[in-house]
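Asker: Take a look at the letters that make up each chain.
Number of protein chains: 4
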Amino acid sequence: MNHQPRSQPNSQRLSGEEVSKHDNGDSCWVIIHGRAYDVTDFLPEHPGGSKIILKYAGKDATETYEPIHPPDTLDKYLDKSKHLGEVDMSTVKKEQEEEDPDEEARQERIKTKPILEQCYNLMDFESVARKVMKKTAWAYYSSGADDEITMRENHSAYHKIWFRPRVLEDVSKIDFSTSMLGTKVDIPFYITATALGKLGHPEGEVVLTRAARKHNVIQMIPTLASCSFDELCDAREGDQVQWLQLYVNSKRDITKKIVQHAEKRGCKGLFITVDAPQLGRREKDMRSKFSDVGSNVQSSGGDQVDRSQGAARAISSFIDPALSWKDIPWFQSITKMPIILKGVQRVEDVIRAIESGVQGVVLSNHGGRQLDFARSGIEVLSEVMPVLRERGWEDRIEIYVDGGIRRATDIIKALCLGAKGVGIGRPFLFAMSAYGLPGVDRAMQLLKDEMEMNMRLIGCSSVSQLNPTLVDSRALNVHNTTVPGDTLGLSVYDPLASPAWKAKANL
Amino acid sequence: MNHQPRSQPNSQRLSGEEVSKHDNGDSCWVIIHGRAYDVTDFLPEHPGGSKIILKYAGKDATETYEPIHPPDTLDKYLDKSKHLGEVDMSTVKKEQEEEDPDEEARQERIKTKPILEQCYNLMDFESVARKVMKKTAWAYYSSGADDEITMRENHSAYHKIWFRPRVLEDVSKIDFSTSMLGTKVDIPFYITATALGKLGHPEGEVVLTRAARKHNVIQMIPTLASCSFDELCDAREGDQVQWLQLYVNSKRDITKKIVQHAEKRGCKGLFITVDAPQLGRREKDMRSKFSDVGSNVQSSGGDQVDRSQGAARAISSFIDPALSWKDIPWFQSITKMPIILKGVQRVEDVIRAIESGVQGVVLSNHGGRQLDFARSGIEVLSEVMPVLRERGWEDRIEIYVDGGIRRATDIIKALCLGAKGVGIGRPFLFAMSAYGLPGVDRAMQLLKDEMEMNMRLIGCSSVSQLNPTLVDSRALNVHNTTVPGDTLGLSVYDPLASPAWKAKANL
Amino acid sequence: MNHQPRSQPNSQRLSGEEVSKHDNGDSCWVIIHGRAYDVTDFLPEHPGGSKIILKYAGKDATETYEPIHPPDTLDKYLDKSKHLGEVDMSTVKKEQEEEDPDEEARQERIKTKPILEQCYNLMDFESVARKVMKKTAWAYYSSGADDEITMRENHSAYHKIWFRPRVLEDVSKIDFSTSMLGTKVDIPFYITATALGKLGHPEGEVVLTRAARKHNVIQMIPTLASCSFDELCDAREGDQVQWLQLYVNSKRDITKKIVQHAEKRGCKGLFITVDAPQLGRREKDMRSKFSDVGSNVQSSGGDQVDRSQGAARAISSFIDPALSWKDIPWFQSITKMPIILKGVQRVEDVIRAIESGVQGVVLSNHGGRQLDFARSGIEVLSEVMPVLRERGWEDRIEIYVDGGIRRATDIIKALCLGAKGVGIGRPFLFAMSAYGLPGVDRAMQLLKDEMEMNMRLIGCSSVSQLNPTLVDSRALNVHNTTVPGDTLGLSVYDPLASPAWKAKANL
Amino acid sequence: MNHQPRSQPNSQRLSGEEVSKHDNGDSCWVIIHGRAYDVTDFLPEHPGGSKIILKYAGKDATETYEPIHPPDTLDKYLDKSKHLGEVDMSTVKKEQEEEDPDEEARQERIKTKPILEQCYNLMDFESVARKVMKKTAWAYYSSGADDEITMRENHSAYHKIWFRPRVLEDVSKIDFSTSMLGTKVDIPFYITATALGKLGHPEGEVVLTRAARKHNVIQMIPTLASCSFDELCDAREGDQVQWLQLYVNSKRDITKKIVQHAEKRGCKGLFITVDAPQLGRREKDMRSKFSDVGSNVQSSGGDQVDRSQGAARAISSFIDPALSWKDIPWFQSITKMPIILKGVQRVEDVIRAIESGVQGVVLSNHGGRQLDFARSGIEVLSEVMPVLRERGWEDRIEIYVDGGIRRATDIIKALCLGAKGVGIGRPFLFAMSAYGLPGVDRAMQLLKDEMEMNMRLIGCSSVSQLNPTLVDSRALNVHNTTVPGDTLGLSVYDPLASPAWKAKANL
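Residue numbers (the UniProt record's numbering), protein chains in the order written: chain U, 1 to 507; chain E, 1 to 507; chain P, 1 to 507; chain V, 1 to 507.
Take the hints with a grain of salt, since some may be wrong.
Copies of the same chain are indistinguishable here, so a pair counts whether it falls within one copy or spans any two.
[To be verified] Calculated pairs, DSS-like style, for lysine-lysine (alpha carbon to alpha carbon, straight line, at most 27 Å):
no., residue 1, residue 2
1, Lys55, Lys134
2, Lys113, Lys134
3, Lys113, Lys55
4, Lys326, Lys173
5, Lys284, Lys113
6, Lys80, Lys51
7, Lys51, Lys111
8, Lys257, Lys55
9, Lys173, Lys93
10, Lys264, Lys502
11, Lys251, Lys268
12, Lys131, Lys336
13, Lys284, Lys131
14, Lys448, Lys51
15, Lys113, Lys502
16, Lys113, Lys135
17, Lys80, Lys135
18, Lys502, Lys51
Just so you know, these hints were derived from the structure itself, not from any lab.
Please construct the entire structure, taking both the sequences and the accompanying hints into account.
Answerer: Written as structure tokens, this is what we have:
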């Protein structure tokens, strides 16, 4: 494990007793991976608020710290003088684990979870993950912005697109491979960037790296991964291709360092996130903290404003809200990687992207985690392509779509409407959280099985044959609700019933 | 407390025993705030019917009287000769409180209500208020006309509007302040007029006055407030701005007095309600009385017609149904305050309002409390603005919208479509009912947090940048219902299931 | 009671013992209203099948017979030679009433039914009726054709029509009276014809006659009333107006007799039903018989075909399916009453009706009891009127609509779209079944209260002001269903929750 | 029974003990219908995977084998040298039936199932079948592709079509007979091909043959019937007509043999399935196997890939995915039967079919069992007919529709829109599974009853009068979903309630 400190003589090690004296806001030490740190001065700066740190003042904080901080966090953000060195862990008093009936129930569920072979589609992994994940981890992965309307619309939008399949085409050989930014892939999806992989699996995003290799698809490395960027590069095998997803730091020198390091490490695409000048309010995530702290919590007197707004806010304070079109030339000047704008949401901005000379756009609303009532990527695609085709610009840029893809039919629909490929995120996180690498492996295989079947059934033997005449997407831009229910009228209606069964002969 | 009578010598006070003799329709006295009143002759005139008064004949009626009558009611409507003076309250027999299991359950709920910090959006306050408010108070606040279709449509309509956000705009600084009728406000909403604030909180609408001050928004003072108009003016601080909402009295001299008094006290806008020539039938409100009177109630022989149709009807009999366009010049003649017509519901009437020279309109259906199947204000707005723009009239009037606003995204949508600002009513009543001033404060702060976030995410740094190209509102005028359910077909369908979990090994 | 036979000397009366010997298909006597009848030869002709008669062979059948046969049935259909005369009822053995837990529960419900004043709208009566009516009676009244889609669409269609109300009109005086076929009525509805009133109330349709008088509306007398035509005419008071609904008998001389008798008795309109060449299959009605006969019933060997298809079929075998446009002149030749075609369902047939010279049409689908997926009358109206207006024909005929009217707003919508008035049927049956005449009275009064309120709120003081610009009915011809549910996707979605409440301190 | 082997002397028979030695993958014998077979070499070739066979190694496999293999399977696919001859069944050890609580519950349900006369429509049979069928059989019949969206859309689509009935037409005589490919039939439906009839009834598809005869409709013989083709031909009576449904075998000589044999046996139509180059993934079917094998199953080490993907995949590996338009002339060269393409799904392919000279098409999506989000046949019909009519081609081909037909109104809608007739499959399977031949008989009779009634009500006395003006099908191509639910908003809404009932006086 790269987290283990090099061993020191016992005499130099701090004792648990010593550490435990620094258990308050005036002097706050915490133990992480067997080393002590003085975080007293850092308390007010902590993006997640001071309260969560003070909970562990004088104690071992590793378990909570681990999944939401990349391994190089302490080196980056805490002055070396505050690194107090190794602790003799044998002298650290074990916390009496509080009995947690929720956690006990979860452990029970883990024991009885369905076997992997019972998962037949991507939703199945989510159904398992929901029950075996820790509540806070589930809340972070599964939550969306505000009322989660857009998050749900993302998949729902695909249900508005129906097929016009061809019959009597020779579909004995099906080839659904394609290329993305010049890389040949086996199936037209990539693993899109998602944060905090260790919430779902102790090894984090390297699990996805391995699955991507096995199925020959591209992994997009997230800025907010639990694993460090280099760990994820190191996990690559052979000619495997990775891309970098970038949240642009207000300090551009940091950004420059990240981008150029990525290029040096072999990344083949730079996906700049443009839909997140500030990370979203996700109430399910925010609300999840209350289950931790129980019913007697009152805001601490010292914390004027309630800053602990869930994991999303805590990890993203560095993102630059001033990022604008004017910055694009600078990015083009610092890297030769193709640049793709991730999170474009209307045709006017696709046109501007083309005019800016970038190589691609991802039509995306950030998985419904940013602006509620943003339209689905697939709907934006159906707005974009006719305009580009009218200008003859449809080949000047690669267009990707993400959000809500759960079935191979969703992928096929996106390609019919003009996408080069699609990004899939949460489903693989859930497969990983529920079953680790075998889960992700099976999830990808299921998509391939579905892909083969459905390419056949739509009458196409290669992705180049997919085109708009194969779908009817006229309902895609309809966002209506129905008239509110006729409560009284419906409640007095006596519904029709199926035939009644006989009473049992003897009771 | 301004309700406490000046003290009188004991010898002059009435005894409880004396009062209790007048306990019937032939001689009916009641005690309110420690003073006795002879209401025998007033019985047939009481807008709420005589039955409710007779229930308290010879007794202390303060608790029931208080929230639904402004403090100056008795002075206004009961001749001074009927004011019998102070009662020696120590001699008044305490009513044996009937045991009320519903009330006990409510008291239990109040003890376990969520802490304020758990409320993350405006709906959360409503969820708490619903359980901690008295049933009749909840019924009055929450009810709408007929089948409450319009009431629900009001928020639902916003769900038909979707965003077309811009990306890569510099949104580091967000300014969502604006001005309304010349007053600078911090965020584009005002507190709209709602009646009977003391049903929700013992202090009534002054709570809202204080919150409005803190967040620098305008409060519209309701004609039917529980607090008196002057109490609400007195609660103002500094340069705080208030408007007056007016139900026009059949007796125009009373109306004139009210308007001119308001102007003198500094009100900066006169909002004349035009959608309520008669106050609505709200069946939830009407029905709530039956839970009070139990199952053995029969209509009293004396009351030919059942007049007790809920609180709404009881308090509004003075409103003039003859009010018409012809009256507008008269209003313009008696006040210099800007005049705004509240409750306009179609483009033809907006045009007429402009031609009449008023300063604004509120596109509103009275919170769904008047005409069921009236369209939402936001839908009317989408009908109005294109017509005004075609005539070049869009700047000749300020247009407001109220009804159904629950999220900052709703505010942004209204501004994109052309509104100057929006009115918010019930949500603040619920926040007040659940948590008092801190509740309203937090509700407003949450709206500001959402506002900042969502202005960023739509790519606009000021309200002046909001415009129609940022939304897709094509579904707004669609009012369809789906084909009635296929009861038998759906009941025989065997729904797909997620993977089954293993049985527990040993039970 | 008009059913009581004139008394005979005991010596001439039949004894119960004598009657009880004729208890089978070879000799089948039944007692009705104290008189015996030999129905042996009639068994195969009984429209409701022989089985139901044989159940009462040798016994008193009055209770079952009464509500579904008009009083003159036996005189009309059974030869006088089979009328066996009075029975000494003291000698008739009382049937040991089977214990029927359903009936006991119903009697309990009757004792605890809500008081009349708790009914605030027409749906409320239905909610009470559903629980206090006999199951078979409820099934007959409440059932519709096939999947009852049209039956529910009838009211649902009104939910697709939204108002565009005018404001600032003088609505101090509201007059919603109108005239129908020359008769002045207080409110624009009439009581439409519905069959078998005694299923709901022992006195039958005369209850409706009395309510119609009180509220000055017109009653349409049904061919299939439980009361005889003359009883209903006799119940008329003063200048009260009635119409006749006619199912045309295959034997035209019978039809002629009925029509001319009605005219002589003063009926002011002849409504010929044209949507029921055969009475509908109503499965709820058909199914209700099985609750009667229990779980051990097998079809009787003698009855080849199962004929007992509910009450509707049983009573309607005489209706002529050959009735056609060619018959209209004949009707015009035998009566001077205005002729109205009831059940017209498309604009082509309205035009044909005008060309045929009839005085009116009722756009109706028979309350959803005939053809499932027939459109609502109000939708047909919205198809008809623009075509008539284009031809300048809108005043050549009176157009009525029935089906699904439950609110005064429904009436107003129909009048805005061009109807002269609306027919209301089931709601009054339910009010009558639940509360008798006071129920129907209150139901009508509630409609008048709603009417006054809503006329005010739409800004119209008389029905002549109602016009198409006051409504938005664009959604009326939309009959879409939504895409079938995403079962798996929805089941894995973790819905947002309101704040959690604290656990109780001590349990 | 044709499965019984000719008797052999005891001495030549194998003993159960002998067979039971061959109970593993190295030597695997099974007993079927009293004869032993050595299937060791066949294990890897078994389309359903080896695991299911090994479960019965050394044992009697008849019960599981029977319903999913036609009787000639062993002769066709297992070399004669592996047919080991008769077994002395008295020496075969009876398996101790495992107690199966699900099966016990099912047996209980069978005892209390509703009597046949309680079934009033096609859905009723399905409601009974669902509860009396074995779970795996139900899963096979009832399942659809992926999310079963198309499967449900098939019936739902009919709900988007509404009638515009004519009135006052003489409908005393109704004739709804028609002809299909030259054969006169009593009602415009045929029994379409469905696989594995013995899963539902021990006699299999011959039950349907008999019902088809009784009601004079055509049966389409399925390639994947449980009964052999010849058994089904033999079951024909008189001039009864059958058609052949064909899955085209990769080995064209086999296909040729089948087609020419069918023509020789008198089949009057060749329906080539074109929507199933590969049989669908039906997850409900796939998932059903896990209920069999319990919770401890792990994939066997030897089986690399999990091949047991439900019954559908197991039985269809021979189908040729290379089948294309180029093969049509070959079919035309080997048979004189009319050729109909079953599973055409867009107008372009209907035109191509006409140009190819075939006699008909079935607009079908295979009952929603192949491509999810394929449109319903009835929707495709509404796309096809206007195009054909524009070209004057509407009479050059017979067009059929299948999928989702449950009511006579559905049949009438299809004929109004231009279909020659409709295919009905599952409903008859369910009627057969629930009640055998009497069930299918009643199901057909119910359709005829509905047909007569609804022809009358639409005002048509023969199918030739049915035409597009009688329906409004504008909503048919609308595939919208509603905006995802407003979870919080809906949860705080306090729904209107009907009047409350009194508490009981004494409890």
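Asker: Now tell me, hint by hint, if it's right for this structure.
Answerer: Cross-check of the supplied hints:
1. Lys55 <-> Lys134: within (19 Å within a copy, 39 Å between copies)
2. Lys113 <-> Lys134: both (14 Å within a copy, 26 Å between copies)
3. Lys113 <-> Lys55: So Lys113 and Lys55 pass the 27 Å test across copies only (25 Å; inside, 33 Å).
4. Lys326 <-> Lys173: For Lys326 and Lys173, only the inter-copy Cα distance (17 Å) is at most 27 Å; the intra-copy one is 48 Å.
5. Lys284 <-> Lys113: both (24 Å within a copy, 19 Å between copies)
6. Lys80 <-> Lys51: within (23 Å within a copy, 61 Å between copies)
7. Lys51 <-> Lys111: Between copies only: 26 Å across, 34 Å inside.
8. Lys257 <-> Lys55: neither (35 Å within a copy, 62 Å between copies)
9. Lys173 <-> Lys93: Close neither inside one copy (64 Å) nor across copies (48 Å); limit 27 Å.
10. Lys264 <-> Lys502: neither (76 Å within a copy, 49 Å between copies)
11. Lys251 <-> Lys268: Result: close within a single copy only, 24 Å intra versus 47 Å inter.
12. Lys131 <-> Lys336: neither (44 Å within a copy, 60 Å between copies)
13. Lys284 <-> Lys131: Cα proximity of Lys284 and Lys131: in one copy and across copies (16 Å, 22 Å).
14. Lys448 <-> Lys51: Between copies only: 24 Å across, 47 Å inside.
15. Lys113 <-> Lys502: between (38 Å within a copy, 6 Å between copies)
16. Lys113 <-> Lys135: both (16 Å within a copy, 22 Å between copies)
17. Lys80 <-> Lys135: Classified as neither: same-chain Cα gap 34 Å, cross-chain 61 Å, threshold 27 Å.
18. Lys502 <-> Lys51: between (63 Å within a copy, 21 Å between copies)
In summary, the numbered hints that this structure violates are 8, 9, 10, 12 and 17.
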